[in-house]
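> For reference, the chains in residue letters:
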Amino acid sequence: MTGGYNLEVGQNIVVGVELDISFGDIQSTSPTSAAAFCGSGCKTEVDDFSTLRLRGGYEIGNTLPYFTAGVGFANATAAVTGIGTLGDDTVSGLVFGVGVEHAFTPKITAKIEYLRADLGNLQIPTLRFFPTCSTPVKFDIFRAGLNYNF
Amino acid sequence: MLRTILLSLALSGSALSYATAGGNHDWSEPYIGGVISYHSGENFGRLHQPAAPLLR
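Those protein sequence lines, which keep their order, are chains R and U.
With our numbering applied, the first sequence covers 1 to 150.
With our numbering applied, the second sequence covers 1001 to 1056.
Simulated from the structure, these hints should not be mistaken for lab results.
Nothing here was measured: the structure is a model prediction, and the numbers come from that model.
Heads up, some of the hints might be wrong.
As the list claims (entries may be wrong) - In silico negatives: residues of chain R with every beta carbon more than 12 Å from chain U:
#, residue
1, Val15
2, Gly70
3, Asp89
4, Ser92
5, Leu94
6, Phe139
7, Gly145
Claimed, not checked - In silico contact screen, one side only, chain R against chain U (beta carbon under 10 Å); selected entries:
#, residue
8, Thr2
9, Ile26
10, Gln27
11, Gly57
12, Leu115
13, Ala144
14, Asn147
15, Asn149
Even glycine gets a Cβ: it sits at the ideal position worked out from N, Cα and C.
Use the sequences and the hints to build the structure in full.
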């Protein structure tokens, strides 16, 4: 779900702030890896992904193309098949993207949006004499949504 | 059933006329909504481990 506030500043310029929280799993599995113990498959999973972003756009009629950037947070876990969960942590980083929102009625708008999330690396402790593993938590997000304006 | 169809058409027509009126929407409002998402990860899920100290 998402929520926010927009403000028209100057002619056709719209700025705003948006908070969204996503529930659900983002999973990826790697059959091969640079890590020696990952021959049987490594899996990284992200859930409870949320962002707090600023938006800035230029109003064209009832359509608002915009840029957006802010911070993202997610709970990430890394697991290896047959071994179990190796790492579990909250990661955060930069989120940015572009989108287009269109007003179909004074109260209802719809948008499509692309975001790039770079939430750094999830550090994974390993055996005592081996260096710590890490896995990048970077992904692309394509969204479509409906908003109700109060 | 007919009432539902007529109501749907009326709402659709209203939305279309608003969309094509050429007027500016008032964006200065709070809003709440929902999204559906598709995610794609580049190298996501791939563990990286530097060489062990004895192998460096």
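> It remains to establish, for every hint, whether it holds in the given structure.
The hints, checked one at a time:
1. Val15: violated (9 Å)
2. Gly70: Its Cβ never comes within 12 Å of chain U, the nearest being 15 Å, so this holds.
3. Asp89: holds (14 Å)
4. Ser92: holds (16 Å)
5. Leu94: holds (15 Å)
6. Phe139: Check fails; 4 Å does not lie beyond 12 Å.
7. Gly145: Contrary to the label, Gly145 (chain R) does not stay out of reach of chain U, its closest Cβ about 3 Å off (not over 12 Å).
8. Thr2: holds (5 Å)
9. Ile26: holds (5 Å)
10. Gln27: holds (7 Å)
11. Gly57: holds (8 Å)
12. Leu115: holds (9 Å)
13. Ala144: Result: holds, 6 Å to nearest chain U Cβ.
14. Asn147: Since chain U brings a Cβ to about 3 Å from Asn147 (chain R), closer than 10 Å, the hint holds.
15. Asn149: holds (4 Å)
Checked against the numbered hints given earlier, the structure breaks hints 1, 6, 7 and satisfies all the rest.
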